[in-house]
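If you read the sequences in order, they're chains A and B. Start counting the first sequence at 1; every next residue gets the next number (the UniProt record's numbering). Start counting the second sequence at 1; every next residue gets the next number (the UniProt record's numbering).
No lab work stands behind these hints, which were simulated from the structure alone. Keep in mind that this is a model prediction, so the values were computed, not measured. Hints are supplied without guarantee of correctness; some may be wrong.
With a Cα cut of at most 25 Å, we get these calculated PhoX-like pairs of lysine-lysine [what the hints assert, rightly or not]:
| id | chain 1 | residue 1 | chain 2 | residue 2 |
| --- | --- | --- | --- | --- |
| 1 | B | Lys18 | A | Lys57 |
| 2 | A | Lys69 | B | Lys26 |
| 3 | A | Lys28 | A | Lys57 |
| 4 | B | Lys77 | A | Lys27 |
| 5 | A | Lys27 | A | Lys57 |
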Amino acid sequence: MRQAGTYSGMVISGKTGPHLLPLARIKKIMKKSGEEVKMISGESPIVFSKACELFIKELTQRSWMVTIKGKTRTLSKEDVASAVLATDLFDFLLNLVSQSAPAPLHPKPPN
Amino acid sequence: MEPMDIVGKSKEDASLPKATMTKIIKEMLPPDVRVARDAQDLLIECCVEFINLISSESNEVCNREDKRTIAPEHVLKALQALGFGEYIEEVYAAYEQHKIETMDSLKGGKWSNGAEMTEEEAVAEQQRMFAEARARMNGGGVAPKQPDPDPSVES
Numbered sequence: 001m002r003q004a005g006t007y008s009g010m011v012i013s014g015k016t017g018p019h020l021l022p023l024a025r026i027k028k029i030m031k032k033s034g035e036e037v038k039m040i041s042g043e044s045p046i047v048f049s050k051a052c053e054l055f056i057k058e059l060t061q062r063s064w065m066v067t068i069k070g071k072t073r074t075l076s077k078e079d080v081a082s083a084v085l086a087t088d089l090f091d092f093l094l095n096l097v098s099q100s101a102p103a104p105l106h107p108k109p110p111n
Numbered sequence: 001m002e003p004m005d006i007v008g009k010s011k012e013d014a015s016l017p018k019a020t021m022t023k024i025i026k027e028m029l030p031p032d033v034r035v036a037r038d039a040q041d042l043l044i045e046c047c048v049e050f051i052n053l054i055s056s057e058s059n060e061v062c063n064r065e066d067k068r069t070i071a072p073e074h075v076l077k078a079l080q081a082l083g084f085g086e087y088i089e090e091v092y093a094a095y096e097q098h099k100i101e102t103m104d105s106l107k108g109g110k111w112s113n114g115a116e117m118t119e120e121e122a123v124a125e126q127q128r129m130f131a132e133a134r135a136r137m138n139g140g141g142v143a144p145k146q147p148d149p150d151p152s153v154e155s
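Make a model of the complete structure from these sequences and hints.
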């Protein structure tokens, strides 16, 4: 049964058992993150998996906050960019989203 | 010249599966909400960037502690250092949960079916083992202690 209008910050997710994100891929990304990355324990990707899940959930939620200010029910790329811009914690993503920003805050430097 | 095209493609070899990411994203939103495809892609890229960030910091934490392998502790410290301290509690809980589940499967689900069964079986096993041991000691001639009240026969 679908419950309409159950939008709330409290999501009852009993699916914490199996990790959702593939550990092998996480490990791959970790190894590519730097030149001198050390060995990674077998348990670390599990921690990463959960952290990523929380990160995505937070970013999605913040983006959604931007979306509902407009009259649309579609979460757009610009909404994500706005959320990043509005959150200091997500400063590391500024470069990534600068191209999708709704207003030209960062004028592209000429070649 | 657009460096993003060249660099972006080579680094995006290892990305996260769209289906799984979409699932996580949609869990956070009301059922009637749509997520634009490019928004999904951007969220995935952000997640990869997040992993890169935490990885680098974890690597440094590991270095500082003079260890060779990045352990979960290092990742947790990295999260704290980068301002994601709020995640630590849930992340640690999930990690602990996984440890419990892993241990359970390693020991075999048979052992954790029910304590009562295990004790009874263990006691029965013990009695059998004692009986066998005694039988061997006595040269197999004398019958060991049995629940049936048979008189011991000496041959």
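Going down the list of hints, with the structure as the test:
1. Straight-line distance between C-alpha atoms of B:Lys18 and A:Lys57 comes to about 15 Å, which keeps the hinted pair within the 25 Å bound.
2. Distance restraint check for A:Lys69 and B:Lys26: the Cα-Cα separation of roughly 19 Å lies within the 25 Å cut-off, and the hinted pair is therefore satisfied.
3. Our distance criterion of 25 Å between C-alpha atoms is met by A:Lys28 and A:Lys57, whose separation comes to about 22 Å.
4. At roughly 18 Å between alpha-carbon atoms, B:Lys77 and A:Lys27 fall within 25 Å of each other, so this suggested pair holds.
5. For the suggested pair A:Lys27 and A:Lys57, the alpha carbons sit about 21 Å apart, so the restraint of at most 25 Å is met.
The earlier numbered hints are all upheld by this structure, with none contradicted.
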